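There are 2 protein chains.
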Amino acid sequence: MAKITSVSPLAPEKFPDLPVIDGVRFATAAAGVKYQDRTDVMLATLAPGSVVAGAFTRSATRSAPVLDCQAKLGKVSDEGAAILVNSGNANAFTGKSGTTSVEVITASVAQECGVPQDRVFTSSTGVIGEPLPHDRIVAALHTLAHDSDAGGIAAAAKAIMTTDTFPKGAAAQVNVDGKTVNIAGIAKGSGMIAPDMATMLVYIFTDAKIGQDALQSIVSKHNEVTFNSITVDSDTSTSDSLIVAATGESGVAVDGHAGFSDALHGLMRDLAHQVVKDGEGATKFVEVQITGAASDRDAKTHAMAIANSPLIKTAIAGEDPNWGRVVMAIGKSGAQADRDLLSIRFGDVEVAKDGWRSEAYSEEAAAAHMKGQNIVIAVDLGLGGGHATVWTCDLTHGYIAINADYRS
Amino acid sequence: MAKITSVSPLAPEKFPDLPVIDGVRFATAAAGVKYQDRTDVMLATLAPGSVVAGAFTRSATRSAPVLDCQAKLGKVSDEGAAILVNSGNANAFTGKSGTTSVEVITASVAQECGVPQDRVFTSSTGVIGEPLPHDRIVAALHTLAHDSDAGGIAAAAKAIMTTDTFPKGAAAQVNVDGKTVNIAGIAKGSGMIAPDMATMLVYIFTDAKIGQDALQSIVSKHNEVTFNSITVDSDTSTSDSLIVAATGESGVAVDGHAGFSDALHGLMRDLAHQVVKDGEGATKFVEVQITGAASDRDAKTHAMAIANSPLIKTAIAGEDPNWGRVVMAIGKSGAQADRDLLSIRFGDVEVAKDGWRSEAYSEEAAAAHMKGQNIVIAVDLGLGGGHATVWTCDLTHGYIAINADYRS
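Protein chains in written order, with the working numbering: chain A, -2 to 405; chain B, -2 to 405.
Next up, chain A with everything else stripped away, as it sits in the complex:
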């Protein structure tokens, strides 16, 4: 792995104070899966009756842990549950040995934690195609299971990092009829980030009480406009996993509660933005807003064409308001567009209108916007009511330096 010598310039000032979520305990260990001298395994145990929802990569070559989680998700149970994550090795494209590793690990976690094996969810992230040394993880499990801590979520956020330059966390509180519900989440991911998720692992915990179907429904809905609306390099991981667990320990029912849904949405968007802000080599955070498209789907297609365009991403890196490349990306996306109805803004600066450079266009004003750290590219298609917003980062020498030397 290339040495990461500095924290992303877009990183938050500090890791947030995350609340304890009743019914969840964390433990981490340095199992030596690949890295030395750092934690690389995290275990989260969930109280009996916890509800678990999730979303996963749609890759046709998805990893053994992802396939295992997908098979287990959606079952309702009164028993406890556990989530085991390792960094350093993705256990992806590892043939039958990959399935064996998942089987061995989930059986051991089930035994050590006293939960059913079909309530043990695992994720692995790191290099693809190397057999997972699962014995090292199993050897750490006894201590992990018996040395857990309700306040250990910050350490968990660190243990799941790979090329991340900072740990990612977010929290929210919701007032429901005078009572408080807490939500806390952690994420990792900094490259291979694209729709259908990313090399992104996200774990969100809440003490809210909610049914499995209701939780899955809002998780799926919010996932589409958060983690499925970010991209760093258009590449999609074989391991992307989002798991949301509700322990119910607050005793506060939130089925159908808009405030809870909104708070979860906000927290998911916050974590998604943090992943982009740790995009490999990123120096600018970019929001692409599409309006006036023929459909929401067309809007997202246009937005992703812009967000994934190497020519646009390098122009942003160079602080160049090169809106011609935006026209190019709209044109190539395959979604409906009429050149002569397009209008384009960089921040508040209208650069193009009705298919040509705006009369009021000021190169200086557009260039000034590009010098900032937060860039907005807004395109109105002038065709209909379809809209979408996606987030990405610029493409810099840092991305090349990190990725041209990952395995060595």
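Heads up, some of the hints might be wrong.
Intra- or inter-copy, both count: the list cannot distinguish identical chains.
[Unchecked claim] Pairs of lysine to aspartate or glutamate residues, derived as DMTMM-like cross-links and limited to a Cα-Cα distance of at most 25 Å, are as follows:
id, residue 1, residue 2
1, K206, D259
2, K350, E284
3, K69, E246
4, K69, D337
5, K11, D267
6, K93, E360
7, K218, D252
Think of the hints as simulated: they come from the structure by calculation, not from any bench.
If you're wondering where the values come from, they're calculated on a predicted model, not measured in any experiment.
Position chain B against the provided structure of chain A, taking the given hints into account.
For chain B alone, coordinates are given in the frame of chain A:
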């Protein structure tokens, strides 16, 4: 435009000797469209009765010259024809003024060259969204039309360059029943190269005698496996144009002649490879071979997913045989794949077989292949008979340097 300080390391040793094509004359001028101190306009005039075929970008925001060419193509005429190309300005996303520029230029060319206006084809390449200073081109036309040269094709190849680091040309000779047919072509393009063509302009001339439908048919067919099978950065130009003109001056009929079709195919592939070899920042030429796919279409989808993956392209730049990223790209492509049937080769080195690292895998042998200048990534899906081959280059610091500063 960023300064290009050196020629691509993948460039051919020298521009080839191109034969004179009877019935074609070339002229170039330094019209000052944008650049100073270099030629930026080229005129090719075609003898009466010349047949013209072509292929163009499918971008929804394609340029005014492209729309004009598409409207004119396919007409059969006994009169002469002309092709006028400028570099430095793409006349794309220039609203009504763009259409006016094409009208003014084609009318002037028609008058100066004595050909019908609907037989005048134009291309413009360079910056998008700036009005084309067509007066400068018109001012050069009289001299261009009256100072042309049958041997001027090498100069024409230089006049159409933008960020190209070398002019591109190729030639072929075909023996038809003891008589010789000549073909010569030139191209430009080095970035924004992707399927549905590229920022790529290609002009091919032959003295063969062939019907318009027959010529268009083989041009379309070969275009799919040559210029539509290369990619530098997945970005698609609004200006891509391929024009093939047959003057018939050799008197040799080639309708249905396999040798002519093969020779044209080879010449088109040669020019397509030269465009990739001038990919912005390229240091490696990469051939991606897909076999065993469920269909040819699936094969091309997989091939392009690999060829466009920033993670694979940076790994190649780093000479890293990171086949895990190839698995990732196959998985994300959307085309049919079965993880456990995949096999992958880097050059002659089998790296993965039946869904896992090959037993015979040698990291040293794979790494040795990656150190070469010509990289082959071959994937067999194990599903059916679908196959495709595409070509690309690596993604390096040079690409970032060139594109983060294009307009300034």
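Inset, instruction - With 25 Å as the alpha-carbon cut-off, assign the pair K206 and D259 to within, between, both or neither. - result: within (16 Å within a copy, 70 Å between copies)
Inset, instruction - Can you give me the call for K218 and D252, within, between, both or neither, at a CA distance of at most 25 Å? - result: within (15 Å within a copy, 58 Å between copies)
Inset, instruction - At 25 Å max between alpha carbons, let me know whether K350 reaches E284 within a copy, between copies, both or neither. - result: So K350 and E284 pass the 25 Å test inside one copy only (20 Å; across, 41 Å).
Legend entry - Homo-oligomer pair classification [E246, K69; C-alpha up to 25 Å]: within (22 Å within a copy, 72 Å between copies)
Legend entry - Within, between, both or neither, where K11 and D267 count as close if Cα-Cα is 25 Å or less: Intra 14 Å, inter 54 Å, cutoff 25 Å: intra-copy only.
Inset, instruction - Please work out whether the CA atoms of K93 and E360 approach to 25 Å or closer within one copy, between two copies, in both situations, or in neither? - result: between (58 Å within a copy, 22 Å between copies)
Inset, instruction - Check K69 against D337 for me: Cα-Cα at most 25 Å, and say if that holds within a copy, between copies, both or neither. - result: between (51 Å within a copy, 22 Å between copies)
Figure legend: structure checked against the earlier numbered hints; every hint is met.
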